[in-house]
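A.B. asks: Each chain is listed here by its residues.
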Amino acid sequence: MKLHELAHSRAGDKGDTSNLSLIAYDPRDYPLLEEYVTAERVRAHFAGLVHGEVLRYALPGLGALNFVLHNALGGGVTRSLALDAHGKCLSSALLALDIPELDGRRPADGV
Amino acid sequence: MKKSIRIGGGAGYAGDRIEPAVELAEKGDLDYLIFECLAERTIALAQQTRMADPEKGYDPLLAERMEAVLEICARRGIRIVTNMGAANPVAGARKIAEVARGLGLVGLRIAAVTGDDVLAVVKAEDFPLTDGGEPVSSLGDRLLSANAYLGAEPIVEALAQRADVVITGRVADPALVLGPLIHEFGWSFDDWERLGRGTLAGHLLECAGHITGGYFADPGKKDVADLARLGFPIGEVAEDGSLVITKVAGSGGRVSAATCKEQLIYEVHDPRAYLTPDVVADFSPVTITELGPDQVRVQGAGGRPRPSTLKASVGYLDGYMGEGQISYAGPGAVARARLAADIIAERLKIIGVPLREVRYDLIGIDAIHGPGLSAAAPEPCEVRLRVVGRTDSLKEAVRIGNEVEALLTCGPAGGGGATKSTREIVAMLATLVPRELVNPEIHFFGELK
Chain A
1 MKLHELAHSR AGDKGDTSNL SLIAYDPRDY PLLEEYVTAE RVRAHFAGLV HGEVLRYALP
61 GLGALNFVLH NALGGGVTRS LALDAHGKCL SSALLALDIP ELDGRRPADG V
Chain B
112 MKKSIRIGGG AGYAGDRIEP AVELAEKGDL DYLIFECLAE RTIALAQQTR MADPEKGYDP
172 LLAERMEAVL EICARRGIRI VTNMGAANPV AGARKIAEVA RGLGLVGLRI AAVTGDDVLA
232 VVKAEDFPLT DGGEPVSSLG DRLLSANAYL GAEPIVEALA QRADVVITGR VADPALVLGP
292 LIHEFGWSFD DWERLGRGTL AGHLLECAGH ITGGYFADPG KKDVADLARL GFPIGEVAED
352 GSLVITKVAG SGGRVSAATC KEQLIYEVHD PRAYLTPDVV ADFSPVTITE LGPDQVRVQG
412 AGGRPRPSTL KASVGYLDGY MGEGQISYAG PGAVARARLA ADIIAERLKI IGVPLREVRY
472 DLIGIDAIHG PGLSAAAPEP CEVRLRVVGR TDSLKEAVRI GNEVEALLTC GPAGGGGATK
532 STREIVAMLA TLVPRELVNP EIHFFGELK
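Keeping their order, the protein sequence lines are chains A and B.
As numbered in the numbering used here, residues 1 to 111 make up the first sequence, in order.
As numbered in the numbering used here, residues 112 to 560 make up the second sequence, in order.
Rather than coming from a laboratory, the hints here were simulated on the basis of the structure.
Any given hint could be a false lead.
Stated by the list, open to error - A partial selection of chain A residues facing chain B, derived with a Cβ cut-off under 7 Å:
hint	residue
1	M1
2	L3
3	R10
4	S21
5	Y36
6	A47
7	R56
8	A64
9	N66
10	H86
11	S91
12	A93
13	L97
14	D98
What the hints assert, rightly or not - If you anchor each label on the Cβ, the simulated ranges turn out as follows:
hint	chain 1	residue 1	chain 2	residue 2	range
15	A	H86	B	Q159	20 to 26 Å
16	A	A85	B	G403	54 to 60 Å
17	B	E166	A	K2	32 to 38 Å
18	A	D98	B	G213	34 to 40 Å
All figures in this text were calculated on a predicted structure; none of them were measured in a lab.
Note that the Cβ used here is the ideal one computed from N, Cα and C, for glycine as well.
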């Protein structure tokens, strides 16, 4: 199962740093995100694309996580040679992360 | 004092649609309409424009936006706050006054906020740059601009002096909303909790359609109706800083808990410490409740004392970018595109183009997510090679695109649609400037009643 089934995301940029939200459609799925989508997993997922530290912040009241990816935008939005210099599409890359269906838990239905 | 203030988010970037702001002004029952049009780099580009023509350097769409909304706003008593002044708020204010005259509007008071341009200070003090710690002087004659992020104070002052339109250069985006709230409710500049809440309101409104279903749709997962007629947001803020986000009834898009959450986290790092010139806002305790269709309550933000320094964006010239693209399609498309990339790499060596950095992207394969994340994808029926390099001179940048174009006669079979381009790179870094070295000023324009 891909994160896309459970959550939505938007990418933001500041200099060479990207931030990716990860928001559970159903707050009941938030603990699963919190348990599985660690900063380490996200860093491994973006290997080769993100060259710096990955930090994770929790917003349990919103059922959301926020990942801050350093050295992620080719030296910064304004000087990057990348086609997507803002890294806008990184949100979709995060949602492509495979997660297991842990302990028989299933994503809650619907949006 | 009013019980609550209604503020419309009329633009989320310089090129944003114009009609949604007209709809907001006509039907939004607004007290204020804001336009956030100044991206990080825009001000450095505007500075270049101003150097070429001292009467320019404000947002190129300023007149068009004002022609669309000024008469409605004047008639309905809606005050406008915008950062469309870019590198030249004074010339921007004169332009607005000219538009007002053209529309036959009399007595409109237009305030320009200046003082964000700190180039002289930054040069004199030679502050360290925040990435790497090199002093500003390390940029030498490539240094273009330095603009400090001003806070809400000069906007509040301009409104207190009865400005109908406030046009600024670089200010923190949420200050466009926080300024009117402080003015209307008389919040103290050290009421950190209210300033934190007002900052959240500003953060949610400043990207306009970003919170009303724009940049949100994902068919089957997140459906949004009528994006061609997307309505822009209205924030209804009460004296205690509590906030309801809504939009004009019947407009396209949607306001839901999900759209508000996406925008709340957008461009935020640590949600407990969202740094602005006015307050360190805390978004971590925020809760979001759907009150009804397209009506969402956002509450619970906090705040702590503001930082002692102001962030300033430093613009500088960083060489040139040269680019060429060409497409391959049908059987063997990817192999031919890869061969083309290899040929270009060898050609750039043979002809001796000194490259500070170069990328070979296969658009349709790996240009966006890179080779790692794209490895398992099936082969597409068409692919576009993109070669882009950074050079010290324009002449060298031109040669990159020329080499890609020459693949039409010297490269693999079946290449088509070659394009080439170059541009000068204006890049941005940041530095921190002590507050006391930054002195905002307000200038009034327009014919008085």
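A.B. asks: Report the numbers of all earlier hints that the structure fails to satisfy, in ascending order.
C.D. replies: 1, 2, 5, 7, 10, 11, 13, 14, 16, 17 and 18
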